[in-house]
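My request is simple: use the sequences and hints to build the entire structure.
Protein chains: 2
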Amino acid sequence: MAQRQPGVSLRADDLTAKARIRNAALDLFAAHGVDATSLRAVAAAAGVTVGLIVHHYGTKEALREAVEFAIVEQFAETIASVPLGSYPPDQIAPERDRAVAAMLSANQAIVDYLRRAILDGSAERGDLVSRLSRLSAQQVHDLREAGVASTKHTVGEQVVTIMVRQLGRLFLQPLVDRIADEFADDTAASTRPHLVVDVSH
Amino acid sequence: MAQRQPGVSLRADDLTAKARIRNAALDLFAAHGVDATSLRAVAAAAGVTVGLIVHHYGTKEALREAVEFAIVEQFAETIASVPLGSYPPDQIAPERDRAVAAMLSANQAIVDYLRRAILDGSAERGDLVSRLSRLSAQQVHDLREAGVASTKHTVGEQVVTIMVRQLGRLFLQPLVDRIADEFADDTAASTRPHLVVDVSH
DNA sequence: CCAATCTCTGTACAGTTGTATAGTAAGGCG
DNA sequence: CGCCTTACTATACAACTGTACAGAGATTGG
Numbered sequence: 001m002a003q004r005q006p007g008v009s010l011r012a013d014d015l016t017a018k019a020r021i022r023n024a025a026l027d028l029f030a031a032h033g034v035d036a037t038s039l040r041a042v043a044a045a046a047g048v049t050v051g052l053i054v055h056h057y058g059t060k061e062a063l064r065e066a067v068e069f070a071i072v073e074q075f076a077e078t079i080a081s082v083p084l085g086s087y088p089p090d091q092i093a094p095e096r097d098r099a100v101a102a103m104l105s106a107n108q109a110i111v112d113y114l115r116r117a118i119l120d121g122s123a124e125r126g127d128l129v130s131r132l133s134r135l136s137a138q139q140v141h142d143l144r145e146a147g148v149a150s151t152k153h154t155v156g157e158q159v160v161t162i163m164v165r166q167l168g169r170l171f172l173q174p175l176v177d178r179i180a181d182e183f184a185d186d187t188a189a190s191t192r193p194h195l196v197v198d199v200s201h
Numbered sequence: 001m002a003q004r005q006p007g008v009s010l011r012a013d014d015l016t017a018k019a020r021i022r023n024a025a026l027d028l029f030a031a032h033g034v035d036a037t038s039l040r041a042v043a044a045a046a047g048v049t050v051g052l053i054v055h056h057y058g059t060k061e062a063l064r065e066a067v068e069f070a071i072v073e074q075f076a077e078t079i080a081s082v083p084l085g086s087y088p089p090d091q092i093a094p095e096r097d098r099a100v101a102a103m104l105s106a107n108q109a110i111v112d113y114l115r116r117a118i119l120d121g122s123a124e125r126g127d128l129v130s131r132l133s134r135l136s137a138q139q140v141h142d143l144r145e146a147g148v149a150s151t152k153h154t155v156g157e158q159v160v161t162i163m164v165r166q167l168g169r170l171f172l173q174p175l176v177d178r179i180a181d182e183f184a185d186d187t188a189a190s191t192r193p194h195l196v197v198d199v200s201h
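Quick mapping for you: the protein sequence lines, in order, are chains A and B.
Heads up, the first sequence stops at 201 in UniProt numbering, and the numbers go up one at a time, no gaps.
Heads up, the second sequence stops at 201 in UniProt numbering, and the numbers go up one at a time, no gaps.
Hints in this document: simulated from the structure, not taken from any laboratory.
Treat the hints loosely; a few may be bogus.
Identical chains share a label here; the pair holds if one copy fits it or two copies do between them.
Unchecked claim - Computed list of lysine to any residue pairs in SDA-like fashion (alpha-carbon distance at most 20 Å, straight line):
{"#": "1", "residue 1": "Lys152", "residue 2": "His194"}
{"#": "2", "residue 1": "Lys18", "residue 2": "Val50"}
{"#": "3", "residue 1": "Lys18", "residue 2": "His56"}
{"#": "4", "residue 1": "Lys18", "residue 2": "Gly47"}
{"#": "5", "residue 1": "Lys18", "residue 2": "Thr59"}
{"#": "6", "residue 1": "Lys18", "residue 2": "Ala44"}
{"#": "7", "residue 1": "Lys60", "residue 2": "Asp35"}
{"#": "8", "residue 1": "Lys60", "residue 2": "Ala36"}
{"#": "9", "residue 1": "Lys60", "residue 2": "Ala45"}
{"#": "10", "residue 1": "Lys60", "residue 2": "His32"}
{"#": "11", "residue 1": "Lys152", "residue 2": "Arg192"}
{"#": "12", "residue 1": "Lys152", "residue 2": "Leu195"}
{"#": "13", "residue 1": "Lys152", "residue 2": "Ala184"}
{"#": "14", "residue 1": "Lys18", "residue 2": "Ser38"}
{"#": "15", "residue 1": "Lys152", "residue 2": "Phe183"}
Model, not experiment: these values are computed from the prediction.
What follows is the structure in structure tokens.
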């Protein structure tokens with residue numbers, strides 16, 4: 001069993017079949033939704049048989065959890081890539097935001113998956129949003145301990161602000177693009193409208 | 001065949017079986033997505049058999065189109081309920097916005113269905129977004145002819161603004177609520193964060 | 001009143017789904 | 001070497017899917 005480096009690499013060409021299955025599942029889940037994606041489609045995209053998926057993950061639900069775990073880990077690694085000492089204290093937060101934004105724009109599948117996960121009332125199962133919220137809360141906590149982070153608002157309020165501003169635009173952009181395309185001959189392509197998403201308390 | 005009033009009534013207790021099927025389908029499609037909703041589930045919710053659904057709508061796809069048609073008609077009727085002469089010219093637009101907002105908050109299923117329809121990249125099929133955009137464009141056109149509506153921006157830009165501001169908040173609100181609930185003991189329930197969605201050109 | 005039309009039920013069918021399992025190839029280790 | 005664990009394939013199966021169809025009541029028009 002060729003042991004691989006721990007730490008999830010979401011993209012690479014030479015990967016374990018297990019990792020290829022997870023990546024293919026992420027792509028297809030993001031593109032068509034979990035329910036509309038069959039294990040056979042995942043198997044075909046990963047170049048394996050259905051049996052192997054079952055062997056590695058047991059059930060489709062477990063595969064979905066593995067996908068979500070990989071997403072959370074991707075977020076965590078991205079945040080950790082900008083450690084507390086790496087920038088002047090007051091620039092840690094914006095720099096981390098920038099890193100997350102870059103990671104998301106490089107992984108469209110993660111954005112698409114999140115969009116679905118959030119609107120599917122995921123409150124019941126697995127709880128991707130919960131885990132991302134906790135991750136975000138941890139980050140706020142760290143920044144506060146380091147003395148950089150307003151304490152004017154509660155942690156909850158700050159987490160909402162971070163996540164909504166990060167994800168809100170990504171979620172709404174498809175709507176804007178769709179409508180803008182509808183009037184493509186009308187609106188000059190250069191003046192693509194600009195989304196503003198924020199929360200006030 | 002008890003002929004009914006034309007014009008779609010989305011809610012009422014005594015309805016044609018055909019209308020009950022469409023309403024049940026809207027509810028279930030909105031709650032779980034079209035693909036994840038079986039015709040048997042729709043039949044059970046409407047109190048009929050699968051055969052009757054097929055008899056009235058032929059295919060599941062046709063049922064989905066009927067649902068979307070009803071949604072568009074609901075929008076059209078709501079806008080038409082505030083005709084051009086009913087208010088001072090400069091208050092027609094805000095009054096129509098208010099009417100649409102009221103209609104949407106009374107029909108959560110429509111909001112949920114729209115949310116799914118938009119992110120499912122519906123550019124390919126049926127095209128709910130297209131039809132709503134055209135409806136919105138028609139409205140802008142009317143207001144311009146009546147001399148009330150800025151011509152500083154293109155119609156396309158105005159449509160984007162109307163639709164994104166109308167729908168954007170509704171789409172993002174679940175995310176805000178989810179996260180706010182996550183920190184329910186932290187954030188005072190009274191200070192529920194307030195979403196700001198807008199577009200700039 | 002009879003025939004036609006319409007609403008509605010029940011059953012049947014082929015295709016797809018997730019899952020189970022028996023079996024094959026391969027590599028590490030005593 | 002043999003043995004055991006692991007990676008992987010192939011086949012099978014029950015459950016569920018959308019659709020088709022034959023027919024039963026009910027209603028309506030002539």
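Cross-check of the supplied hints:
{"no.": "1", "hint": "Lys152 / His194", "result": "between (29 Å within a copy, 17 Å between copies)"}
{"no.": "2", "hint": "Lys18 / Val50", "result": "within (12 Å within a copy, 41 Å between copies)"}
{"no.": "3", "hint": "Lys18 / His56", "result": "within (7 Å within a copy, 46 Å between copies)"}
{"no.": "4", "hint": "Lys18 / Gly47", "result": "within (11 Å within a copy, 45 Å between copies)"}
{"no.": "5", "hint": "Lys18 / Thr59", "result": "within (14 Å within a copy, 38 Å between copies)"}
{"no.": "6", "hint": "Lys18 / Ala44", "result": "within (13 Å within a copy, 40 Å between copies)"}
{"no.": "7", "hint": "Lys60 / Asp35", "result": "both (10 Å within a copy, 17 Å between copies)"}
{"no.": "8", "hint": "Lys60 / Ala36", "result": "both (12 Å within a copy, 15 Å between copies)"}
{"no.": "9", "hint": "Lys60 / Ala45", "result": "within (15 Å within a copy, 27 Å between copies)"}
{"no.": "10", "hint": "Lys60 / His32", "result": "both (15 Å within a copy, 18 Å between copies)"}
{"no.": "11", "hint": "Lys152 / Arg192", "result": "between (36 Å within a copy, 16 Å between copies)"}
{"no.": "12", "hint": "Lys152 / Leu195", "result": "between (27 Å within a copy, 19 Å between copies)"}
{"no.": "13", "hint": "Lys152 / Ala184", "result": "between (44 Å within a copy, 18 Å between copies)"}
{"no.": "14", "hint": "Lys18 / Ser38", "result": "within (17 Å within a copy, 32 Å between copies)"}
{"no.": "15", "hint": "Lys152 / Phe183", "result": "between (44 Å within a copy, 16 Å between copies)"}
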